[in-house]
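Construct the entire structure; sequences and hints are all you get.
Protein chains in written order, with the working numbering: chain E, 1 to 532; chain U, 1 to 68.
Keep in mind that a hint or two might mislead.
[Claimed, not checked] Output of the computed footprint for chain U on chain E, the stretches with three or more beta carbons under 8 Å from beta carbons of chain U:
| hint | region |
| --- | --- |
| 1 | 75-86 |
| 2 | 91-98 |
| 3 | 207-215 |
| 4 | 229-242 |
| 5 | 273-279 |
[To be verified] Every beta carbon over 12 Å from chain U, so not counted as near; a handful from chain E, in silico:
| hint | residue |
| --- | --- |
| 6 | L16 |
| 7 | L199 |
| 8 | G301 |
| 9 | D399 |
| 10 | A507 |
These aren't lab readings, by the way, just hints derived from the structure by calculation.
By construction, the Cβ of each residue, glycine as well, lies at the ideal position given by its N, Cα and C atoms.
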Amino acid sequence: MNEHITEIVIFTALFLLVSGMGFVAARWRRADNLASLNEWGLGGRNFGSWITWFLVGGDLYTAYTFVAVPALLFGAGATGFFAVPYTVITYPLVMLVLIRLWSVSHVHGLVTPADFVRVRFGSPTLALLVAITGIVATMPYIALQLIGIEAVLKTMGVTGDLPLIIAFAILAAYTYQSGLRAPALIAFVKDILIYVVILVAVIYIPARLGGFGSIFDAADAKFAKTPAPGDGTLLNANNQLQYVTLALGSAMALFLYPHSVTGVLASRSRDVIKRNMSALPAYSLLLGLIALLGYMAIAAGVTPIGTDVNTVVPQLFDQMFPDWFTGVAFAAIGIGALVPAAIMSIAAANLFTRNIYKEYLRRDATDAQEARVSKLTSLVVKVGAVLCILLIDPQFSIDLQLIGGVIILQTLPSVALGLYTRWFHRVGLIAGWTAGMTAGMVLLYNIANPANNHAHFGGSAFPLSKLGFDTPMTVYAGFLALIVNLAVAALATVAARRLGSAEGVDATRPRDYTADAGDPEVKDDLEPAGST
Amino acid sequence: MTDPRSPRSDRSRWNWVLLPAIVIPLVPALFNHEEPRLFGVPLFYWLQLAFLVISVSATLIVYRVTRR
Numbered sequence: 001m002n003e004h005i006t007e008i009v010i011f012t013a014l015f016l017l018v019s020g021m022g023f024v025a026a027r028w029r030r031a032d033n034l035a036s037l038n039e040w041g042l043g044g045r046n047f048g049s050w051i052t053w054f055l056v057g058g059d060l061y062t063a064y065t066f067v068a069v070p071a072l073l074f075g076a077g078a079t080g081f082f083a084v085p086y087t088v089i090t091y092p093l094v095m096l097v098l099i100r101l102w103s104v105s106h107v108h109g110l111v112t113p114a115d116f117v118r119v120r121f122g123s124p125t126l127a128l129l130v131a132i133t134g135i136v137a138t139m140p141y142i143a144l145q146l147i148g149i150e151a152v153l154k155t156m157g158v159t160g161d162l163p164l165i166i167a168f169a170i171l172a173a174y175t176y177q178s179g180l181r182a183p184a185l186i187a188f189v190k191d192i193l194i195y196v197v198i199l200v201a202v203i204y205i206p207a208r209l210g211g212f213g214s215i216f217d218a219a220d221a222k223f224a225k226t227p228a229p230g231d232g233t234l235l236n237a238n239n240q241l242q243y244v245t246l247a248l249g250s251a252m253a254l255f256l257y258p259h260s261v262t263g264v265l266a267s268r269s270r271d272v273i274k275r276n277m278s279a280l281p282a283y284s285l286l287l288g289l290i291a292l293l294g295y296m297a298i299a300a301g302v303t304p305i306g307t308d309v310n311t312v313v314p315q316l317f318d319q320m321f322p323d324w325f326t327g328v329a330f331a332a333i334g335i336g337a338l339v340p341a342a343i344m345s346i347a348a349a350n351l352f353t354r355n356i357y358k359e360y361l362r363r364d365a366t367d368a369q370e371a372r373v374s375k376l377t378s379l380v381v382k383v384g385a386v387l388c389i390l391l392i393d394p395q396f397s398i399d400l401q402l403i404g405g406v407i408i409l410q411t412l413p414s415v416a417l418g419l420y421t422r423w424f425h426r427v428g429l430i431a432g433w434t435a436g437m438t439a440g441m442v443l444l445y446n447i448a449n450p451a452n453n454h455a456h457f458g459g460s461a462f463p464l465s466k467l468g469f470d471t472p473m474t475v476y477a478g479f480l481a482l483i484v485n486l487a488v489a490a491l492a493t494v495a496a497r498r499l500g501s502a503e504g505v506d507a508t509r510p511r512d513y514t515a516d517a518g519d520p521e522v523k524d525d526l527e528p529a530g531s532t
Numbered sequence: 001m002t003d004p005r006s007p008r009s010d011r012s013r014w015n016w017v018l019l020p021a022i023v024i025p026l027v028p029a030l031f032n033h034e035e036p037r038l039f040g041v042p043l044f045y046w047l048q049l050a051f052l053v054i055s056v057s058a059t060l061i062v063y064r065v066t067r068r
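Below is the structure:
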């Protein structure tokens with residue numbers, strides 16, 4: 001019999017518990033009728049501060065993050081810690097932007113970032129590009145959530161594809177039925193489990209390993225022995241620029257992802273968003289502590305299963321904790337994959353429905369038809385993600401997710417800058433997007449990674465020497481691509497105006513960007529506000 | 001409630017407190033050092049986590065000042 005039986009029983013029990021919650025969620029907060037995107041896709045647009053905190057936190061800090069970030073520190077050291085500055089600066093960076101997006105979206109009944117681009121620039125083409133970018137960037141992200149579950153299953157000795165398929169089938173079923181309410185409700189359990197597990201881990205494990213001093217000494221010793229020049233527990237002169245541009249680029253990209261926007265738009269008022277900008281960093285603290293698990297794994301002498309470095313955290317838990325608590329920890333990671341996977345598939349489905357189906361296939365679609373198409377699309381998206389992992393090398397999803405961060409950044413001029421200025425011409429934005437995407441692909445294609453034998457798409461650190469600079473420094477490829485994007489967008493805007501190219505119609509008014517709950521323009525739910 | 005017809009504005013001098021919260025964590029010279037350690041943790045790790053305090057304070061101030 002399997003030596004991991006206790007872990008498997010606890011994992012399965014907790015997994016089934018939250019699955020039950022997912023189905024019950026349809027009745028949570030009295031939705032009379034789920035047949036509209038406002039209800040199915042945005043949970044009634046009425047979430048208060050607490051629900052938003054759990055929902056967005058559960059959405060942004062995914063299971064994959066929790067296994068991949070420590071794996072980065074385990075493998076390369078300090079450079080992997082970029083996730084901390086990234087998630088520290090993102091909230092002050094986006095705070096004022098998000099409340100404008102909330103306002104204009106509530107006045108005009110917008111559901112996706114591409115919806116905004118549509119009404120702001122009057123360009124279905126630009127909206128289509130933004131929608132496709134969002135879908136392409138999100139798909140591999142969903143697939144990566146499966147890698148989180150897979151890492152846990154592997155450690156428990158559970159092999160074969162069937163458990164993974166069952167887990168995703170259950171997820172697909174309750175997302176279909178309950179919409180955004182399902183991940184919102186499950187997020188409570190997921191986040192509480194994660195907080196408990198991590199707090200225990202960062203106190204208990206260092207105590208067993210002789211304190212943080214010896215953990216860092218072990219990490220130093222490991223990196224001193226490797227031939228790679230870029231690793232170590234501190235940054236060196238060559239990777240500092242990469243560290244900073246990657247943190248900044250990722251921070252700018254985070255709330256351009258459609259699933260982040262979904263979480264923000266589901267909140268009840270601007271104040272809920274502002275308050276969450278101060279509360280969400282609690283997860284960043286957690287992430288910083290989780291990152292250090294990578295060094296703890298080094299000190300504990302953990303070796304990954306095969307070449308799958310994502311198994312180091314599950315392996316560490318398995319080695320350190322009593323069986324029952326390992327089961328709880330694994331459930332936290334497994335459930336941690338369900339919340340973001342559900343929200344991401346809802347966000348991708350909404351993009352398809354609003355910006356492709358309704359725009360190009362069926363202009364007169366009713367609310368109920370929109371909801372039905374979104375529900376079906378969410379199933380298709382999940383099947384696609386499962387197939388991605390089962391049929392194609394998982395490394396492909398990791399590469400795609402890397403590309404995803406670079407390409408979603410190319411929607412910044414249209415979405416984020418568009419919230420502030422109408423100066424860019426729609427033709428200019430389309431040209432900038434095209435140039436930025438091309439530049440991003442070319443840059444990523446030319447990044448090799450000798451560590452895993454990748455000649456192309458080997459990471460996001462682009463060596464400046466390839467641009468002719470005489471330096472070993474590297475920079476985040478997405479950052480360079482964004483600069484190209486902005487430059488081309490500006491030049492093409494000037495050119496389009498000179499040539500007298502028609503401006504699209506801007507359907508928004510300045511006061512739409514500051515509207516708040518309670519204003520007559522803001523389409524409020526008729527339901528009572530509920531708890532905060 | 002304010003009159004919805006009169007344009008509300010998000011402009012405030014207080015918004016500038018967000019700027020240091022974004023810039024400071026992006027200066028490696030501040031944190032890329034081993035010493036001093038805190039409970040055995042090198043400066044690089046604990047200081048970057050401590051920057052959370054700046055981030056939280058800045059967003060909290062802006063929220064408080066601009067709250068309706």
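Q) What are the numbers of the hints the structure violates, in ascending order? A) Going through the list in order, the structure violates no hint and respects every one.
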